[in-house]
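Taking the hints into account, I'd like the entire structure generated from these sequences.
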Amino acid sequence: MMPVYKVLRLVVAVLLVSAVFSCSSEDKKKPGTDSTALAKSNTVVTMHADTGHLVGAWHDEAIKSDKGEEIAYEVISKGHKVYIQAITFKGKELTLNDAPPITASASEIRKDGDKYVGVNSPTEVYKIDKSGNLLIYDGETLVAICKRIL
1 MMPVYKVLRL
11 VVAVLLVSAV
21 FSCSSEDKKK
31 PGTDSTALAK
41 SNTVVTMHAD
51 TGHLVGAWHD
61 EAIKSDKGEE
71 IAYEVISKGH
81 KVYIQAITFK
91 GKELTLNDAP
101 PITASASEIR
111 KDGDKYVGVN
121 SPTEVYKIDK
131 SGNLLIYDGE
141 TLVAICKRIL
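Just so we're aligned, residue 1 is where the sequence shown starts under the numbering used here, counting upward by one.
If you are wondering where the hints come from, they were derived from the structure by calculation, not from laboratory data. These figures come from a predicted structure and were not determined experimentally. We treat Cβ as the ideally placed atom computed from N, Cα and C, and that holds for glycine. Hints are not guaranteed to be accurate.
Estimated spans, in silico, between C-beta atoms of each pair [what the hints assert, rightly or not]:
1) Gly113 - Lys67: 16 to 26 Å
2) Pro122 - Lys90: 32 to 42 Å
3) Pro122 - Gly91: 29 to 39 Å
4) Ile149 - Lys78: 18 to 28 Å
5) Asn97 - Glu140: 32 to 42 Å
No more than 35 Å apart at the CA atoms, straight line, and that leaves these computed lysine-lysine pairs for DSBU-like [what the hints assert, rightly or not]:
6) Lys64 - Lys147
7) Lys111 - Lys130
8) Lys130 - Lys78
9) Lys90 - Lys127
10) Lys130 - Lys64
11) Lys92 - Lys64
12) Lys81 - Lys64
13) Lys64 - Lys90
14) Lys127 - Lys81
In structure tokens form, the structure reads like this:
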């Protein structure tokens, strides 16, 4: 067993080291007065969304969002990449943009013969039938038929 004075010395040393590290980390969080990190509290930073070209849009009449909104899918091209993303709307109030933003929920898809396949999820398959409807498959299983809007 360790003597009491050695235990106390160890505890004091640990507390001292903790205090030094906490003070130095607080200093790192505060920008210096000459730092460009200082900004006025009312400064607004505008980020431009990544946009693409709207290729087509399809309405999925079979499902609704958690909020009861209608769901449609946009297919967007940007350079050599193609994306599909779900959008929501109420009633008949769907507004489409020629250059829609590509959201974080968009999935990149690639052409594979007569269909498109999810880049990150190869079991997601998208086909356009002769009527222009979007057919969505999970592997070999047809999960949705969406009517063409645009």
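Tested hints:
Evaluation of the 16 to 26 Å hint for glycine 113 and lysine 67 yields a failure: the beta carbon distance comes to about 37 Å. For the pair proline 122 and lysine 90, the beta carbons lie near 34 Å from each other, so the given range of 32 to 42 Å is met. Our hint of 29 to 39 Å for proline 122 and glycine 91 holds, since their Cβ atoms are close to 36 Å apart. For isoleucine 149 paired with lysine 78, a C-beta distance near 20 Å keeps the hint of 18 to 28 Å intact.
At roughly 34 Å, the beta-carbon separation of asparagine 97 and glutamate 140 lies within the given 32 to 42 Å, and the hint holds. The suggested pairing of lysine 64 with lysine 147 holds, with an alpha-carbon distance near 15 Å, which does not exceed 35 Å. At roughly 17 Å between alpha-carbon atoms, lysine 111 and lysine 130 fall within 35 Å of each other, so this suggested pair holds. This hinted pair checks out: lysine 130 and lysine 78 have alpha carbons roughly 25 Å apart, not beyond 35 Å.
Distance check on the hinted pair: lysine 90 and lysine 127 sit about 26 Å apart at the alpha-carbon level, within 35 Å; holds. With a C-alpha separation of about 25 Å, the suggested pair lysine 130 and lysine 64 falls inside the 35 Å cut-off, and the hint holds. Of the pairs offered as hints, the one joining lysine 92 and lysine 64 holds, with about 13 Å between alpha carbons and a cut-off of 35 Å not exceeded. For the hint pairing lysine 81 with lysine 64, the CA-to-CA distance comes to about 28 Å; that is within 35 Å, so the pair holds.
Between lysine 64 and lysine 90 the CA atoms are separated by roughly 10 Å; this keeps the pair inside 35 Å, and the hint holds. Taking the CA atoms of lysine 127 and lysine 81, the gap is about 17 Å. The hint holds against a cut of 35 Å.
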